[in-house]
Every structure is written in C-alpha cells, then in structure tokens.
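**Student:** Here is what each chain is made of, one letter per residue.
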Amino acid sequence: MSVRLEASSLSVGYGERLVVDSLDLSIIGGSVTAVIGPNGCGKSTLLKALGRLLPARSGAVLLDGKSIDRMPTREVARVLGMLPQSPVAPEGLTVADLVARGRHPHQAWYRQWSSDDAAAVDAALEMTGISDLADRTVDELSGGQRQRAWISMALAQGTDLLLLDEPTTYLDLAHQIDVLDLVQELHVSGGRTIVMVLHDLNLAARYADHVVAMREGRVVAAGAPSEVLTEGMLLDVFGLDARVVVDPVAGTPLVVPVGSRHRGVSGAVAPGTSAI
Amino acid sequence: MSTPTASSKPALRVGAASFRLRPRPMTVVAGGLVALAAVLVLDIMIGDFPLTAGQVVDTLLGGGSRRDEFVVFELRMPRALTGLLVGGALGLSGAIFQAIVRNPLASPDILGVTWGAGAGAVTVITFGGSLGVVTGTAASVGLPLAGLAGGLVAGLLVYALAWRRGIEGFRMVLVGIGITAVAGNFTHYLLTVGDVLDAGRAMVWITGSLNGRGWEHVVPVALALLVLIPVALVGGHVLGALQFDDQTSRGLGVRVNRSRSFLIVVAIVLASVATAAAGPIAFVALATPQIALRLAGTAQPPLFGSVVVGGVLVMLSDLVARTIYRTELPVGVVTAVLGAPYLMYLLVRSRREARV
Numbered sequence: 001m002s003v004r005l006e007a008s009s010l011s012v013g014y015g016e017r018l019v020v021d022s023l024d025l026s027i028i029g030g031s032v033t034a035v036i037g038p039n040g041c042g043k044s045t046l047l048k049a050l051g052r053l054l055p056a057r058s059g060a061v062l063l064d065g066k067s068i069d070r071m072p073t074r075e076v077a078r079v080l081g082m083l084p085q086s087p088v089a090p091e092g093l094t095v096a097d098l099v100a101r102g103r104h105p106h107q108a109w110y111r112q113w114s115s116d117d118a119a120a121v122d123a124a125l126e127m128t129g130i131s132d133l134a135d136r137t138v139d140e141l142s143g144g145q146r147q148r149a150w151i152s153m154a155l156a157q158g159t160d161l162l163l164l165d166e167p168t169t170y171l172d173l174a175h176q177i178d179v180l181d182l183v184q185e186l187h188v189s190g191g192r193t194i195v196m197v198l199h200d201l202n203l204a205a206r207y208a209d210h211v212v213a214m215r216e217g218r219v220v221a222a223g224a225p226s227e228v229l230t231e232g233m234l235l236d237v238f239g240l241d242a243r244v245v246v247d248p249v250a251g252t253p254l255v256v257p258v259g260s261r262h263r264g265v266s267g268a269v270a271p272g273t274s275a276i
Numbered sequence: 001m002s003t004p005t006a007s008s009k010p011a012l013r014v015g016a017a018s019f020r021l022r023p024r025p026m027t028v029v030a031g032g033l034v035a036l037a038a039v040l041v042l043d044i045m046i047g048d049f050p051l052t053a054g055q056v057v058d059t060l061l062g063g064g065s066r067r068d069e070f071v072v073f074e075l076r077m078p079r080a081l082t083g084l085l086v087g088g089a090l091g092l093s094g095a096i097f098q099a100i101v102r103n104p105l106a107s108p109d110i111l112g113v114t115w116g117a118g119a120g121a122v123t124v125i126t127f128g129g130s131l132g133v134v135t136g137t138a139a140s141v142g143l144p145l146a147g148l149a150g151g152l153v154a155g156l157l158v159y160a161l162a163w164r165r166g167i168e169g170f171r172m173v174l175v176g177i178g179i180t181a182v183a184g185n186f187t188h189y190l191l192t193v194g195d196v197l198d199a200g201r202a203m204v205w206i207t208g209s210l211n212g213r214g215w216e217h218v219v220p221v222a223l224a225l226l227v228l229i230p231v232a233l234v235g236g237h238v239l240g241a242l243q244f245d246d247q248t249s250r251g252l253g254v255r256v257n258r259s260r261s262f263l264i265v266v267a268i269v270l271a272s273v274a275t276a277a278a279g280p281i282a283f284v285a286l287a288t289p290q291i292a293l294r295l296a297g298t299a300q301p302p303l304f305g306s307v308v309v310g311g312v313l314v315m316l317s318d319l320v321a322r323t324i325y326r327t328e329l330p331v332g333v334v335t336a337v338l339g340a341p342y343l344m345y346l347l348v349r350s351r352r353e354a355r356v
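Respectively, the protein sequence lines represent chains A and B.
The opening residue of the first sequence carries number 1 in my numbering; numbering runs sequentially from there.
The opening residue of the second sequence carries number 1 in my numbering; numbering runs sequentially from there.
These are calculated hints, taken from the structure and not from any lab test.
In this text the structure is predicted, and so the values were computed from the model without any measurement.
Keep in mind that a hint or two might mislead.
Unchecked claim - Below 16 Å or equal to it, Euclidean Cα-Cα: the simulated EDC-like pairs (lysine to aspartate or glutamate) are: (1) Lys66/A <-> Glu6/A; (2) Lys9/B <-> Asp116/A; (3) Lys9/B <-> Asp132/A; (4) Lys9/B <-> Asp135/A.
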C-alpha cells in the first residue's frame, strides 16, 4: 500500500486567517478516509487544498509523490476527482449532460465526444443507478438522486482518487446510507481511494477504515475508527460528553451523546453492549 | 437499466476528432440561416424603390439593371448586412456572458460594456465633430476604435471591481449597473457640452441606428466576427465546463480564471465592435441568447444559434423601424420596445439553479 496523497506541513488560509495550520497527513492507496471535526475546524479547507482548489500558504500537497502545485490542472483532474459541498449546475441541464462534463479533462475542442467518453458516461450512470434518469434535468431530481448524479459526474472523470466534501449534506438518513453504500461499493469493486468529509461520526466509523479528527486546523488523532473515536477524543475535539458503545450491527464505535438532561445517569450502559 | 444512454447519442467521429451531434440545436442553426437569407432578401426588397424578390436575387447573382444594382449594393445591402452582423456579434457576446456568469441578466448592455463603448464613440463624435473631421478618418477608424476602447475599459472595470477571489454573477450584474450609470451620465455630459448638431447626431447614434450604414461599417464587424467566431467556438468547449461553480469547474481541470478572462475579453470585443458600428442597440444581446436557448432546448445559450437569432432579430427590427412610420425610426427604438417587457419578465421571474 503506497501513499497516494500527502500533506506535508501544509498551511492554508483565507486572507489573514490561517485555517489549516502546518498539517501532516498521508492518504494510503485503496483506503477510505473520513475527516471529522467540529464546524470551522478546517476539514473542508483541507479537502480543497488536497484537491488543489485552494493554494497552499506554505508546505505542500503531494499527489503520487509529486507536488500538486506544479502539475498542470488538467493532469490533476485526470487522477483526482473532487465533489465540492454544494455544487451548482445551470437550470435545465440534463443528467446525461452533467455526467458528460466529467469527461472534460480527457477532451479537447476538436475531440469533444469520443467513444471512450460515451462509454465512461454510460458506465458512470449505471454504477450510480441513474441510467433511467439520464434525460431528466438536474433541478427536477430529488436530493438523493441529485447527489447520485454529481457522484456520477465525478466517476465519469475516471479518476481512482475521489475527494467528497460532505456527500450526505441535506439528505435524510435513508439517503445518507444509500449514498455511503454507493461510496463503499466504489471502493470495494473499483479499488478507488476515497477521502470524504463527514459530519455524522457513527457513519464515519462505519464507512471509513481510517478516521482523521481535526481541531483548529490541526490533526488531533488519526487511525482506525476504534482508535480515534473514543470518549476522550470526543471531549477533547468536540467538547462533547458522550459514551462510546459498540455498534450492534457493524461492530464499529457508536457515539451516544449525553446532553445536559441525562448528565449524572451517564454511567448507565444498556445490557448487551459494552463501553469501549 | 441496460440501455446505453450516452453511447446511443449521435456523434461525428473522424480520426482523433469527435463531436456530439445535437439535432435540435443544429435544426435551430439551419432554420436560422434560412430565415437570415429570407429576411435579408425581404429587407432589400422594401423601401422607396420597391424591388421584387426575383429582382433582388437576380441582382445579387450579378444580373439586374443599373438602378437595381445601385439600390441593392449601395443603399440597402450594406445596411442590411450591418444589421445582420451587428445582431450576430451582440448575440454571441450575450451568449458568452450569460453562460459564464450563469445569469440571464448578464449581457453587455446590463454590464455596462455597450454603454462604455457608447461613451467612447460619443467622445469622438462630439470632439471630432467640432474639429470637422467626423466624416473622414475619424468616422471610419476613430469611431470603432473609440467604441472598442470604451467597451474594453468598462468591461474590464466591471470584471476587476466584481472580483473577490472569483466571480459571482449577481455581484457582476450589480457592479455593471453602476458602470452603466457612470458611462451613461458621462455620455449625457458630453451631449450637454457638445455642439448642438453633433449632439443631435450623437443622440441618434446612442439610440442605436442603422440609418446610412455603408460598407465601411460592414467591414470592421465582419472582420471581428470572422476572427472571433472560430475563437469563441474553440473556447466554447471550455464554456461547457465553466457553467458550474468555480470549484466544480476547477475540479474538472479548467483553469477557471484564465479561461473565463479570455472568453470575457472576446465577448467584450464583440459587443464593442458591434456598438461602434450601429450604436448601443438595446436588449439584443440580452434577449437573443435566451431566445436561442429556448429554441434549442439547451441549458446554456447555444453560440451558433445565438449568432443567427441575433442577426434575424436586428434585421427584422430594422425593417420594422424603417417602414412602420412615415419617417424612419432608429432600430434601437424597436428593440427597446420589444426588449423592455422582456427585461421586466426576467427581473420578476425568480432565478433557480440546481444545487445539492
């Protein structure tokens, strides 16, 4: 397993403010990494810097060992696909046309629609299960379908490295599971390396094999979900008093927040589960 | 679902080159070209010396009497062609702006480019006029150049002022409205201080008029279109990937700021050259891309489609302008009467975008 994407003493900021502060991180090929942390801790900024959407203030991002800043934009886009948090498409764009735009890094003005392009778009539509929605417009889709369409575009790009910024935002729980199952399938069957920002800690524990916890622009803990998602870390990173039990379905850590109402009875652990 | 959706779409593939064939936009272009030819002939037929369609076609093909030749080639053809080309240039310019800014309000008229070009040209008319050279070199070279310079200054100013680590459509529109006001007021100031005769001439010009347009007006616009249509079509491929938010576009491997700046400069030059030839003809650049978009059923204004629709629109409007009343009206009056309700419709209609 080799390191695909690496941040080395990376600092990123907006204006005066430093949002990511001399951060080190390695993304191993073929892994699913979830970046977690409280609001404003810099997880989205980190993801943007990893995908070269934001320039590094200092330090570097290395893609397959090469400094990503020195690589041509198009070359990066052939290796690394990125789905921003709330992507915007023009009104009236069909799903097929949206997904076809994913082929852009492989095209030129005289080569706008090769048979490879058509095949990649078909495969991406099929993989995300939206082939029958191809001629609908993106604005008339439901939230879950729309997210599948955007993921489909990233797939058509044909990269084996995918960065997803909160792919489950605005989705109800059933659709969150739906999208994350899809992400897992891309990982298992396609061997893709995936880095995603997730808010839901329990879903992060379930779907990632590597969890990175951030606070104030730095990595506080990184490793397997069971190593990272501990009661101590939750208190330290989120300031959250919580119990961590074993997820009865997946066996991964399950975070149960205490909250002010139940403080004092927090020692209670349901029979059949054990505290980690 | 196992039906291959994308592979079944028609395509043209020759060697390494490949293009999507989209039947509906192609039909719009083909139909538009037929309409262009028909309106061109109609425009040449109608006037103080009426000609039949047969006479017009005959004369265009080299036959026809001396009188017909004069009427066709000296009187009506240059005017009709100026209208056609100016309409095409404005349509293309508007289509590029609207696609990049993702806002149907973004057009060179709203963004201040045409008014900037107008201010540049009126400067030459008022100051050139008082020096008595406006009919000579100043008219044929100075006016287009001043228009181009004015349009570029206004357009680049809007781009620079709206810039905050990227471009947001609404901010560009707001800044553009400001620049339009500044350029408009500067123009009115020139009209106030200028000679009465020059001011009168400038006033007609500001409304947007094709009256008395000769071959010297056709040539600059034709040259600009000849160079910039291929440029826009090559850049138009990038336009497809630029229609998203900046981050998505960048993720697709587009050098967003470089590509967008380049395409915006192309659009500014098109609008400025057109304005220099015929004055700021209102609403054409605003409405044309949206009409073409609805005809073609695409999400983005089609570039070729906007060229032909713009040409038809301006020629038809000019035909109406010079025949509807006893005296000729400037074409800008007709397009303004047609365009104003459309602008109100755009403002009233809430703007929707597909977001996650």
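**Student:** For each hint, tell me whether it holds in the structure or not.
**Tutor:** Going through the hints against the structure:
| no. | hint | in the structure |
| --- | --- | --- |
| 1 | Lys66/A <-> Glu6/A | 10 Å, holds |
| 2 | Lys9/B <-> Asp116/A | 13 Å, holds |
| 3 | Lys9/B <-> Asp132/A | 15 Å, holds |
| 4 | Lys9/B <-> Asp135/A | 11 Å, holds |
Of the numbered hints stated above, none is contradicted by the structure.
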